[in-house]
Amino acid sequence: MTRPHRDWLWSATATGAALLLASALLTWSHPPAPEPLVLSLGTGGEGGVYHEYGSGLSSVSDNVDHVEIVTHTTAASVENNRLVAGGAMDAAFTLADVAALAVAGEPPFDEPLPIRAIARLYDNHTHVVVRADSPYEQVADLAGATVSLGASGSGTEMMAERLLDLAGLERLPGDADPADGDGDPANGDGDAVVATRLSIERSARALEDGSIDAFFWSGGLPTRAVADLAERHPVRLLDLSEHVPELVAAHGEYFAERPVPAGTYPDVPAVRTIGVPSLLVVDRRMPDDVAQDLTALLFESRGALFEAHPVALHLHPRSAIATLPVPLHPGAAAYYRSVKYAYDPQDDRTP
1149 MTRPHRDWLW
1159 SATATGAALL
1169 LASALLTWSH
1179 PPAPEPLVLS
1189 LGTGGEGGVY
1199 HEYGSGLSSV
1209 SDNVDHVEIV
1219 THTTAASVEN
1229 NRLVAGGAMD
1239 AAFTLADVAA
1249 LAVAGEPPFD
1259 EPLPIRAIAR
1269 LYDNHTHVVV
1279 RADSPYEQVA
1289 DLAGATVSLG
1299 ASGSGTEMMA
1309 ERLLDLAGLE
1319 RLPGDADPAD
1329 GDGDPANGDG
1339 DAVVATRLSI
1349 ERSARALEDG
1359 SIDAFFWSGG
1369 LPTRAVADLA
1379 ERHPVRLLDL
1389 SEHVPELVAA
1399 HGEYFAERPV
1409 PAGTYPDVPA
1419 VRTIGVPSLL
1429 VVDRRMPDDV
1439 AQDLTALLFE
1449 SRGALFEAHP
1459 VALHLHPRSA
1469 IATLPVPLHP
1479 GAAAYYRSVK
1489 YAYDPQDDRT
1499 P
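Quick note on the numbering used here: the sequence shown kicks off at 1149 and runs consecutively.
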């Protein structure tokens, strides 16, 4: 009675061993694919170009095996530099003037941050958006108005503060969310604005419902939240070109006069405004091969990125290497050399 039982045990054991051997041989001959490298990317507020550009890059990474990009909504430039330097983000978008302050350790940063550039992407355009029937023609005219300076910790906020300083306008604290009030803008002093700090989408809604008189925004053209607002409510932009020489003299060569052509936004007339380069940045401690792979992914995905937002049309190695005083990461520089665009790191004493 025991022999059949023993035969069954022997057969089961032999079969199991054969399966284990077959599995081992299969693994040896076809090793499992390595897990993709997951990189976190700090973008900006919803409705802004950083958010759309980041979403495009994330979608592109879904189609490659070795890198996965996970995006995170942030306040943008100032916060993004801190997040990268602190290790909370692997990469992020930022305005070039903000990144330069981060590298130098100048306010609003308390110390030099180990920021390195992957690429210069495109130029952001500074917007001051008002209702079409408003009396405002220049920044100085905003005295007494309720104005959104952009999200706290954003490059927009920094630019707004600089422009208000140039116009001689102080800031009085306003409601954190003007929409929670009575719908009427507060009245500031004759040499001040009532300042609130809202994301781009909240700024657009607040201007539309009349709880603010104007908002600042720095972003690529076109910015979806501004375009959507212009579709719903007549608006226009203030001409800011007069401030370019003052900004250059006070803060460096990051600023240039740039057009916002007619047709960029529905029924919004053309103006001249302030352009500032946007960068993709990482921590200097990112391994060179990872930085090179990220740079390659960026350029190899240019067509798909253009579908996410037309500013991707401006991405080119010739302009991408122009990131100083924020140095290129060595891995990014290696990519540019591989495609015959040399980069000279010069005398890099930055932290």
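Hints may be right or wrong, so weigh each one.
To be verified - With beta-carbon atoms standing in for the labels, derived distance ranges:
| no. | residue 1 | residue 2 | range |
| --- | --- | --- | --- |
| 1 | 1285 | 1487 | 39 to 49 angstroms |
| 2 | 1399 | 1288 | 15 to 25 angstroms |
| 3 | 1286 | 1220 | 31 to 41 angstroms |
| 4 | 1470 | 1448 | 15 to 25 angstroms |
| 5 | 1382 | 1487 | 37 to 47 angstroms |
| 6 | 1286 | 1410 | 15 to 25 angstroms |
| 7 | 1401 | 1218 | 50 to 60 angstroms |
Stated by the list, open to error - Here are the computed lysine to any residue pairs in the SDA-like style, where the Cα-Cα straight-line distance is at most 20 angstroms:
| no. | residue 1 | residue 2 |
| --- | --- | --- |
| 8 | 1488 | 1464 |
| 9 | 1488 | 1467 |
| 10 | 1488 | 1447 |
| 11 | 1488 | 1419 |
| 12 | 1488 | 1431 |
| 13 | 1488 | 1478 |
| 14 | 1488 | 1465 |
| 15 | 1488 | 1444 |
| 16 | 1488 | 1454 |
| 17 | 1488 | 1469 |
| 18 | 1488 | 1475 |
| 19 | 1488 | 1445 |
| 20 | 1488 | 1470 |
| 21 | 1488 | 1436 |
| 22 | 1488 | 1441 |
| 23 | 1488 | 1462 |
| 24 | 1488 | 1463 |
| 25 | 1488 | 1456 |
Derived from the structure by calculation, the hints contain no laboratory data. It should be emphasised that the depicted structure is a prediction, and the values quoted were computed from it without experimental measurement. Ideal Cβ positions, reconstructed from N, Cα and C, are used throughout, including at glycine.
Check: Between residue 1488 and residue 1463, does the CA-CA distance stay at or below 20 angstroms?
Finding: 16 angstroms, holds
Item checked: Given hint residue 1467 paired with residue 1488 - CA-CA distance at most 20 angstroms -> Judged against 20 angstroms, a Cα distance of about 13 angstroms means the pair holds.
Check: In this structure, is the beta-carbon distance linking residue 1399 and residue 1288 contained in 15 to 25 angstroms?
Finding: 19 angstroms, holds
Check: Taking only the CA atoms, is the gap from residue 1488 to residue 1441 under or equal to 20 angstroms?
Finding: Holds, at roughly 16 angstroms.
Check: Within 20 angstroms, alpha carbon to alpha carbon, are residue 1488 and residue 1475?
Finding: Holds - the C-alpha atoms of residue 1475 and residue 1488 are around 18 angstroms apart, at most 20 angstroms.
Notebook entry, point to check: Are the Cα positions of residue 1488 and residue 1436 separated by 20 angstroms at most?
Noted result: It holds: about 18 angstroms lies between the C-alpha atoms, which stays within 20 angstroms.
Margin query: Given the hinted pair residue 1488 and residue 1431, is their Cα-Cα distance within 20 angstroms?
Written below: Since the Cα atoms of residue 1488 and residue 1431 sit roughly 25 angstroms apart, the hinted pair is violated (cutoff 20 angstroms).
Check: Keeping to a limit of 20 angstroms between CA atoms, is the pair of residue 1488 and residue 1444 held or broken?
Finding: Holds, at about 13 angstroms.
Check: Under the criterion that the straight-line Cα-Cα distance not exceed 20 angstroms, is the pair residue 1488, residue 1462 satisfied?
Finding: Holds - the C-alpha atoms of residue 1462 and residue 1488 are around 18 angstroms apart, at most 20 angstroms.
Next item on the list: Go ahead and decide if the range 31 to 41 angstroms is satisfied by the Cβ distance of residue 1286 to residue 1220.
Entry: 36 angstroms, holds
Checklist line | CB-CB spacing for residue 1487 and residue 1285 relative to the 39 to 49 angstroms hint | finding: 46 angstroms, holds
Next item on the list: Note whether the CB distance of residue 1382 and residue 1487 lies within 37 to 47 angstroms or breaks it.
Entry: 46 angstroms, holds
Hints 7, 11, 12, 16 and 25, counting from the list given before, are not met by this structure.
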